[in-house]
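Protein chains: 2
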Amino acid sequence: MRQNLRVNGARLLARLDRLAEEGARPDGGVCRLALGDADKAGRDLVVQWMRELGLTVTIDAIGNVVGLRRGQEDGAPVMMGSHIDTVATGGHYDGALGVLGGLEVVETLNDAGVVTKRPLAVAFFTNEEGARFQPDMFGSLVFTGAMPLEAALATVSIDGRKASEELDRIGYRGPAAVGRPNVHAYVELHVEQGPTLEAEDFTIGAVEGVQGISWTEFTLTGQSNHAGTTPMRMRHDAGYVGAAIAVYARRLALEIGGHQVATVGALTLTPNLVNVVAERAVMTVDLRNTDNERLKQAERRLAAFAAETAAAEGVKLETRTLARFDPVAFAPHLVARVEAIAKELELPVKRLPSGAGHDAQMLAAICPACMIFTPSAGGVSHNIAEYTRPEDLAAGADVLLRLVAELAE
Amino acid sequence: MRQNLRVNGARLLARLDRLAEEGARPDGGVCRLALGDADKAGRDLVVQWMRELGLTVTIDAIGNVVGLRRGQEDGAPVMMGSHIDTVATGGHYDGALGVLGGLEVVETLNDAGVVTKRPLAVAFFTNEEGARFQPDMFGSLVFTGAMPLEAALATVSIDGRKASEELDRIGYRGPAAVGRPNVHAYVELHVEQGPTLEAEDFTIGAVEGVQGISWTEFTLTGQSNHAGTTPMRMRHDAGYVGAAIAVYARRLALEIGGHQVATVGALTLTPNLVNVVAERAVMTVDLRNTDNERLKQAERRLAAFAAETAAAEGVKLETRTLARFDPVAFAPHLVARVEAIAKELELPVKRLPSGAGHDAQMLAAICPACMIFTPSAGGVSHNIAEYTRPEDLAAGADVLLRLVAELAE
Chain A
1 MRQNLRVNGA
11 RLLARLDRLA
21 EEGARPDGGV
31 CRLALGDADK
41 AGRDLVVQWM
51 RELGLTVTID
61 AIGNVVGLRR
71 GQEDGAPVMM
81 GSHIDTVATG
91 GHYDGALGVL
101 GGLEVVETLN
111 DAGVVTKRPL
121 AVAFFTNEEG
131 ARFQPDMFGS
141 LVFTGAMPLE
151 AALATVSIDG
161 RKASEELDRI
171 GYRGPAAVGR
181 PNVHAYVELH
191 VEQGPTLEAE
201 DFTIGAVEGV
211 QGISWTEFTL
221 TGQSNHAGTT
231 PMRMRHDAGY
241 VGAAIAVYAR
251 RLALEIGGHQ
261 VATVGALTLT
271 PNLVNVVAER
281 AVMTVDLRNT
291 DNERLKQAER
301 RLAAFAAETA
311 AAEGVKLETR
321 TLARFDPVAF
331 APHLVARVEA
341 IAKELELPVK
351 RLPSGAGHDA
361 QMLAAICPAC
371 MIFTPSAGGV
381 SHNIAEYTRP
391 EDLAAGADVL
401 LRLVAELAE
Chain B
1 MRQNLRVNGA
11 RLLARLDRLA
21 EEGARPDGGV
31 CRLALGDADK
41 AGRDLVVQWM
51 RELGLTVTID
61 AIGNVVGLRR
71 GQEDGAPVMM
81 GSHIDTVATG
91 GHYDGALGVL
101 GGLEVVETLN
111 DAGVVTKRPL
121 AVAFFTNEEG
131 ARFQPDMFGS
141 LVFTGAMPLE
151 AALATVSIDG
161 RKASEELDRI
171 GYRGPAAVGR
181 PNVHAYVELH
191 VEQGPTLEAE
201 DFTIGAVEGV
211 QGISWTEFTL
221 TGQSNHAGTT
231 PMRMRHDAGY
241 VGAAIAVYAR
251 RLALEIGGHQ
261 VATVGALTLT
271 PNLVNVVAER
281 AVMTVDLRNT
291 DNERLKQAER
301 RLAAFAAETA
311 AAEGVKLETR
321 TLARFDPVAF
331 APHLVARVEA
341 IAKELELPVK
351 RLPSGAGHDA
361 QMLAAICPAC
371 MIFTPSAGGV
381 SHNIAEYTRP
391 EDLAAGADVL
401 LRLVAELAE
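First to last, the protein sequences are chains A and B. The working numbering puts the first sequence at residues 1 to 409. The working numbering puts the second sequence at residues 1 to 409.
Each hint should be verified, as a subset may be incorrect.
As the list claims (entries may be wrong) - Sample of chain A residues lacking proximity to chain B, with all beta carbon distances greater than 10 angstroms (derived):
(1) ARG161
(2) GLU192
(3) PRO195
(4) ALA227
(5) PRO231
(6) VAL264
(7) ILE366
What the hints assert, rightly or not - Simulated coverage check for chain B against chain A, where a stretch passes if three residues somewhere in it have a Cβ under 8 angstroms from a Cβ of chain A:
(8) 27 to 36
(9) 223 to 232
FYI, nobody ran anything at the bench for these hints, they're computed from the structure. Think of the CB as a built atom: it goes at the ideal place given N, C-alpha and C, for glycine as much as any other residue.
Full structure from sequences and hints, please.
Encoded structure:
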């Protein structure tokens, strides 16, 4: 491949803007919930682009769409991809960048007359966001065999529709075999959705993996008491124990360090009155780490602190696991190539983990996979204000182009 | 006075039970909201009992009722009293004990043929609870001159009625001059409404004063961020700052010690989601102490900690004072006499502060005043399950009898 080959940033941006018209919100954002009318319109548009670029389009039974570009040889393609569904208050880039970045790579190669040795593919997977159907990412879960097709088809949307019926309705319950084609390697370009690259002046993120997630709900039951007449030593204050756990979660994240994060985003007191000691507190703790051993350590220490603090206060503690996913490590040689290619292109690059889930973590179970991040202004995503500078979008697609071209030789 | 004079506990209990029929709830509790129909029925009953005991009943313009018992000499009476209104889910004893305990003292003296040198009085003050009209205790506030009569008359109930109209409607806007008679000393028998006496096996509380109250609302505004993608050092977590303030409030109470209490009873996060760093926290801190200097110290230290912690996290702090009352100290010689009389009667007695507000704190501004506490089972009050053992009720009335008889000589 010619070393100076670059994508056309303006063309990529034009496709991103055009796709954002499907499901456009009056406020400038995008609402393209999985398998809804706007998603159908977006799918139709992307499929049309795929065909215009000469790709052979296949659609499987859960609506995953793959556009295949022939190589000099047959065999498993190098796949680029992501998703085109959005949350209800989404922006222009989350998901769309990985898919349309893939199309831009194809068009750049087409224009240059380059035919790679291996085939290439551009894919978009159904319901990555999970905003309309649970679980999220069921398209890539089914693609990789991690979830039975029937289970995904039977899921019911927040508006009461079965996934199977919605696929039929919008015409995306396709005939292609699930899990085909076999994938030689998978590369997903995506906006960071976090503040790190922008804050530290990096253009490219070489994503080392996806953080493991541990969500725990604590229900603390103490005793409702008069805030004036109850001496401190006689209290069974569920609110105090909840606050102590929240403060400890912060301390734990700082002590474990590295990529460990800890968040108490939800805490509800009952009766929640100024002059009544709280009888009940229900709270969540969100722990994430790329290192599963450290994540387990965080879980153990948190559970021990919660149990001790509740016991010392005479408060009953109930614990429920809301979610638990092991971390996913991307293929080290691919992560190293993302980093090296960015440097070759003189793009400031940083290794970092993904704090959010992505289709790439599912694909990592069946082939070498990696991700390329571009900066998110202010770290904002899942928000109509989501923004990435055009030059950064193009830079990400350039890295994608080089990496995919390499992997296809 | 004969040393062996004792109240009739069964008669006191019978009056408490009879009054509890007015506003009785199906669940065994009492709902006798100030100036409502049940309050009128309760007032009529107590006024009838006053007259049957030979008291001269006067009613002032805010509905405070005083029953006067002549002494051997004229002059300012020694007053017993409390209130007969309740909260919506009240019990049999809160307020009623101080009034009916006073009637029991009168009847015991009547039966024994004792006429004290000074006159005696039994009073009940309007709207102590504040459950129907704000502010609470407006009857004793007006009686002592701390609130203008017109302001109290103009207050509007939670159900939209003016106090003046309700007084007219139930026939308790009386002709007596407000603030009359002058009071020589005031003694209020009341249930503790806290757990201390029961938990430590005391029968009598010699109440040293009423805690000062400081209620502060903190509004913390940070930034809503993704719990996975936002590194700890880049967070502006309003929920963390709120939790840290709550934990500090506990530490502050323990460090200051004595009668200092601190409660974070209300804390509300926005958006209150498991995977979103809280943008906003609104919380209250309730600080109380009998010592105003220590209470001020607690306020200062809390404010400093909140400001430092919010600044370190990059979170905006807004502070609003919701309520602030200085502590009230009861007359030391009366507190000492309550303690001494209880010991003479071989009743286990403990000095303690009142964590709740009482009419006695208003009366303390115009005369030597004190309170006698009896135990509350489980510290429960403002609750249909409120309970004090009959022998403890009688014990409290015995102390009241001795103290009032002494003060009237």
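Violated constraints from the hint list, given by number and in increasing order: 2, 3, 4, 5, 6 and 8
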